[in-house]
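Chemist: Spelled out from the first residue to the last, the chains are:
Protein chains: 2
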Amino acid sequence: MNACVLYSGGKDSSIMAVILQKLEYKVELVTVNFGILPSWKAAAQSAKNLGFTHKILEADENILQEGVDMILGDGFPNNGLNYIHQQMLQIAAENYSIIADGTRRDDRIPKLNQDTIRSFEDSKNIEYINLAGFGHKTINKLSKKLFNVKKELTNINNNSDYEIEIRYLIDQLRGDETASRIFPEHVQSRVIGWREK
Amino acid sequence: MNACVLYSGGKDSSIMAVILQKLEYKVELVTVNFGILPSWKAAAQSAKNLGFTHKILEADENILQEGVDMILGDGFPNNGLNYIHQQMLQIAAENYSIIADGTRRDDRIPKLNQDTIRSFEDSKNIEYINLAGFGHKTINKLSKKLFNVKKELTNINNNSDYEIEIRYLIDQLRGDETASRIFPEHVQSRVIGWREK
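In the order they appear, the protein sequences are chains A and B.
Just so we're aligned: the first sequence equals residues 1 to 197 in the working numbering.
Just so we're aligned: the second sequence equals residues 1 to 197 in the working numbering.
Bear in mind the hints are in silico, worked out from the structure with no lab data behind them.
Treat the hints with care, since some could be wrong.
Think about it this way: if two alpha-carbon atoms lie no more than 20 Å apart in a straight line, the pair counts; the simulated EDC-like pairs of lysine to aspartate or glutamate are [said to hold, decoys possible]:
id : chain 1 : residue 1 : chain 2 : residue 2
1  : B       : Lys-197   : A       : Glu-61
2  : B       : Lys-111   : A       : Asp-115
3  : A       : Lys-137   : B       : Asp-115
4  : B       : Lys-55    : B       : Glu-163
5  : A       : Lys-22    : B       : Glu-163
6  : B       : Lys-124   : B       : Glu-196
7  : B       : Lys-41    : B       : Asp-60
8  : A       : Lys-124   : B       : Asp-106
9  : A       : Lys-137   : B       : Glu-163
10 : B       : Lys-22    : A       : Glu-196
11 : A       : Lys-111   : A       : Glu-177
12 : B       : Lys-141   : A       : Asp-122
13 : A       : Lys-137   : B       : Glu-121
14 : B       : Lys-111   : A       : Asp-107
15 : A       : Lys-111   : B       : Glu-94
16 : B       : Lys-144   : A       : Glu-24
17 : B       : Lys-137   : A       : Glu-196
18 : A       : Lys-144   : B       : Glu-24
19 : B       : Lys-22    : A       : Glu-24
20 : A       : Lys-137   : B       : Asp-176
Just chain A, with the same shape it has in the complex (with noise of 0.2 Å):
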């Protein structure tokens, strides 16, 4: 069974793809792109590292710019985020029957409610998986245990999550701090390998 993890090169995603891997899914890790930036190089070296395929999802960028354009108009992500998060499941399904990403049990954003996901997997006649089991301290402790992780302040060249294409989005249209007031600087995990024994 071909299974398709949509992945950022984090923690989250990467121990997504260990469980399915574990309980012997094919697995394929897809980062999504919308052709504004190469943003997906980040995890394509992580997924190397781990011994993964690795594929990029070609996206169109007027997805991204709708999110972009709900982003601005609220004022905070969420909406603009959980939106083009669904958009790229939707286009997963067009390719795979199972589809997983590395949302946990405390993320907020971007995340399906249960009515979504089951319209999701019903409309789609596909499985739709998450790591809604483990918590933030389970997720600390495997990633800690399985993975090399560096620690470091998001950039384009260690980040592959939507924000990084759709800061520069922002930064086109707007030209000023916006971009950085939405999406405050922050330190990121990423997986650079396995963590040796």
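Given the structure of chain A, go ahead and fit chain B onto it with the hints provided.
Modeler: Chain B alone, transformed into the frame defined by chain A:
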């Protein structure tokens, strides 16, 4: 890391156990018993057939009694089952720092909400893990892939859920059809071993 999986012998808690074992936790399957009926035996057999360590969590009959009082007062099992399950998690937390159960995404009872989970983890300094990232479609397919499963009407010899001792206690207290009304007869899946490849 020793992890306790509250275990009924069904496919959900069996899959939870397999995932944790594959993530290299030292898994112990733990079945609750209130000393009224030896309903733990079916789960012990499933655990043995899968090669897991199995233990019985001998719990105070008063907790069962309180749960049954709630169920009889309500006329439906939800609150009483949730009460009993939460009490069992609390007791498990006295001996384990990682506690899991087979609650999946589309389960309704027993199920902890986010706030209860956070409070449980923080107050007891434990990690709680479940199958909330997996829906019934995925669980059913995984179960078929992994296990030899027997489907049969629930009875005392094939089921180790709380339900069995609850029903028995209700029968003792009421001696009528109350237990059958609250817990209608249903088919369950019992894991009887690994699927031969």
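Chemist: Against each hint, give a clear statement of whether it holds in the structure.
Modeler: Structure-based check of each hint:
no. : hint                     : verdict
1   : B:Lys-197 with A:Glu-61  : 46 Å, violated
2   : B:Lys-111 with A:Asp-115 : 17 Å, holds
3   : A:Lys-137 with B:Asp-115 : 15 Å, holds
4   : B:Lys-55 with B:Glu-163  : 19 Å, holds
5   : A:Lys-22 with B:Glu-163  : 33 Å, violated
6   : B:Lys-124 with B:Glu-196 : 40 Å, violated
7   : B:Lys-41 with B:Asp-60   : 18 Å, holds
8   : A:Lys-124 with B:Asp-106 : 18 Å, holds
9   : A:Lys-137 with B:Glu-163 : 32 Å, violated
10  : B:Lys-22 with A:Glu-196  : 18 Å, holds
11  : A:Lys-111 with A:Glu-177 : 27 Å, violated
12  : B:Lys-141 with A:Asp-122 : 16 Å, holds
13  : A:Lys-137 with B:Glu-121 : 9 Å, holds
14  : B:Lys-111 with A:Asp-107 : 19 Å, holds
15  : A:Lys-111 with B:Glu-94  : 33 Å, violated
16  : B:Lys-144 with A:Glu-24  : 13 Å, holds
17  : B:Lys-137 with A:Glu-196 : 36 Å, violated
18  : A:Lys-144 with B:Glu-24  : 13 Å, holds
19  : B:Lys-22 with A:Glu-24   : 11 Å, holds
20  : A:Lys-137 with B:Asp-176 : 47 Å, violated
Hints 1, 5, 6, 9, 11, 15, 17, 20, counting from the list given before, are not met by this structure.
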